[in-house]
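Visitor: If you read the protein sequences in the order shown, they are chains A and B. The numbers in my numbering rise by one with no breaks, and the one at position 150 of the first sequence is 150. The numbers in my numbering rise by one with no breaks, and the one at position 278 of the second sequence is 639.
Hints are computed from structural coordinates only; laboratory data are not their basis. Where hints are given, some of them may not hold.
[Unchecked claim] With a straight-line Cα cutoff of 27 Å, these simulated DSS-like cross-link-like pairs (lysine-lysine) come out:
no.	chain 1	residue 1	chain 2	residue 2
1	B	375	A	12
2	B	471	A	12
3	B	375	A	354
4	A	105	B	498
5	A	279	A	12
6	B	489	A	105
7	A	12	B	432
8	A	105	A	354
9	B	498	A	12
10	B	432	A	354
Here the structure is a predicted model, which means the values were calculated and not measured.
Next come the chains, spelled out residue by residue.
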Amino acid sequence: MALDRLLNVARKEFSDHITSRRFVIILGLLLVISTISIYDGIENYNNSLEAYTEQLRQMEEFDDPYRNWMPQKPTIMYVFISMMSYMTMLGGILAIAIGFDLVSKEKETRSLKSLLSHPVYRDEIINGKALGGIGALGFAMALALAIAVAMLLLFSVVPTLEEFAAILIFGAVTLGFLLAYFAVALTMSTVAKESGNALIYTLVIFFAVSSLLPMFGAMAAGAFAGDPPEMGPMPKEVVRVASSNGYSTTTVAQSVVYGGTEDPEWKAYEEEMKTYIEKRRLISDVSNLLSPQMNYYTVAIAVTNPQLSSMIASPYDTATEETAGLAGALGRVWMNIAALIVFPSAFFAATYVKFMRMDIR
Amino acid sequence: MIRTENLTKIYNGKAAVDGLDLEVGEGDIFGFLGPNGAGKSTTILMLTGMIEPTGGRCLVDGIEVAKDPLKVKEIIGYLPEDVGFYGNMTGEQNLDYFARFYGMDARKRKERIAELLELVHLDGVTQKAGEYSRGMKQRLGLAQALINDPKVLFLDEPTANLDPEGVREYRELVTHLADEGKTVFVSSHILSEVREVCRTVGLLAKGRLMAQGTLEEVARALASPDGDMVRIVVETREHLPAIDDPAIISVEGNGNRAVVRAKADIRDRLAASLFDQGLHVREMRLEEPEIEDVFMAAYRR
């Protein structure tokens with residue numbers, strides 16, 4: 001495979017994407033929504049920052065009833081949480097929009113035959129098409145992040161180096177998610193003879209893995225894990241320990257004390273419940289690995305809110321400073337990161353094989 | 362320049378091209394004739410390195426296509442049947458995209474594209490290829506086939522969408538290219554078209570080559586391959602009596618003129634018989650079958 005031929009295809013595809021009306025309209029919509037939600041996020045961030053300052057002031061003034069409780073300074077990554085929700089919808093649509101007719105349109109207009117009559121290998125064509133699409137999505141993502149960072153700076157919110165790194169990681173994860181649907185669309189475009197069918201097949205897969213799969217996963221988890229353990233007699237005394245992690249999360253841990261020691265029945269119930277929940281989670285987590293949406297949510301939360309991610313991953317453990325950090329949170333969701341890489345890779349591989357064997361009569 | 366040896370392509374267990382042996386010399390304009398579905402386009406796709414043969418091999422300028430398709434593509438030009446382009450790009454942009462695959466620098470590309478667009482009368486056309494008429498697309502297709510100044514040109518139904526003026530220009534261009542030493546391989550199911558420009562022809566039917574040579578040679582080869590009848594036109598000064606000969610199949614008479622259909626050329630016997638009867642023969646000749654009729658009969662076989 002010659003790089004110049006591959007880049008010739010990729011350059012043309014990239015140029016086609018960013019000048020196409022379809023791409024410009026969806027990207028415009030995405031950027032407008034992104035700007036509005038970033039603006040909202042900055043307002044929320046500023047409110048959280050004010051609340052945090054107020055909490056610190058109050059702690060200094062009054063005796064704190066929870067000695068271990070310490071409010072956490074909000075990070076600007078909260079601003080990006082809202083980006084997740086519209087990226088899964090509009091971003092997904094953008095990825096599908098640029099991929100669903102990449103090959104099928106060439107078959108319909110017969111330009112593929114003209115192209116193949118020139119000295120270029122089939123793998124250079126399909127790889128160039130993929131590269132051009134990835135470039136266009138990367139461009140869209142970079143534009144959205146650049147606008148977000150520009151707005152932060154405009155509102156005098158300057159990210160730290162660590163936060164800037166987290167923003168870049170968030171961008172990379174989002175791009176990974178977009179690639180998943182781009183890969184599905186590209187595969188369907190290669191498989192289907194007509195672009196209309198390719199779009200329908202892609203949308204079916206989109207809804208199947210984004211909605212149906214998590215639903216079936218939850219149902220399967222319920223079916224395999226059985227009924228939840230029965231709760232024993234009511235405990236005599238419950239001690240609640242509350243902790244807050246700043247912006248929006250609060251954790252409540254409870255333990256039961258019976259005559260100065262922990263109630264053994266309650267303890268056993270707690271253990272059974274823990275096992276039951278973990279079993280359910282294991283099954284639903286496995287099915288969720290096939291859903292780019294679920295993987296994206298999991299990884300994006302780990303990037304934007306490592307504390308929340310830590311609590312979701314280990315609801316029974318109190319997160320330590322070390323494990324609640326970005327690196328620790330990313331380490332806990334490695335399977336989801338791997339799934340975000342494997343999912344598009346599998347579809348790209350299928351596209352490659354199909355395109356190489358395609359009948360071009 | 363072009364050679365195929367037992368070239369075979371099988372689709373779903375059915376042979377689209379069946380053991381094709383073909384040879385086209387350098388500078389020739391070769392007409393590849395055959396009805397729709399005969400396997401002409403499949404043959405061209407194999408010759409241009411776009412699909413691999415199931416069996417046999419094909420060579421262009423001594424290069425085995427299946428082994429080095431890219432090298433072959435560098436020296437050939439191909440105008441596909443119902444050629445397509447990128448509708449969002451102008452003709453010039455389409456040609457520029459294809460030209461980049463030949464490693465041509467920007468200046469060379471610009472010069473070559475301007476030259477070709479002028480040649481096919483599309484210079485100054487600024488509209489996108491998606492807005493082109495079919496005839497314009499066909500002309501742009503010819504330009505893209507010539508972008509690399511090819512040694513061998515494959516044209517699949519080249520006049521299908523052209524107007525009479527376009528057809529005339531195409532014929533002139535093909536002749537001019539052949540005079541330059543280029544080999545032109547024209548696939549068509551229209552005999553009259555092939556007859557106008559081609560020096561040699563090959564007839565393909567059901568994936569098999571039925572005959573190859575000049576048009577007359579092919580017509581002769583196809584005319585009576587299994588002892589078909591001979592038509593003799595006879596005219597005498599007097600009214601023609603009944604003609605009797607064991608080789609005669611039928612006689613269509615009209616006064617002093619008749620068309621005799623016989624198993625063999627019996628003109629000598631016929632002349633002697635008429636002379637014996639005291640008749641004056643004005644005309645006696647073999648009626649050559651029309652080439653169109655021969656090809657139509659071959660298509661139907």
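Visitor: Under the constraints set out in the numbered hints, which ones does this structure not fulfil?
Guide: Hints 1 and 5 contradicted; others consistent.
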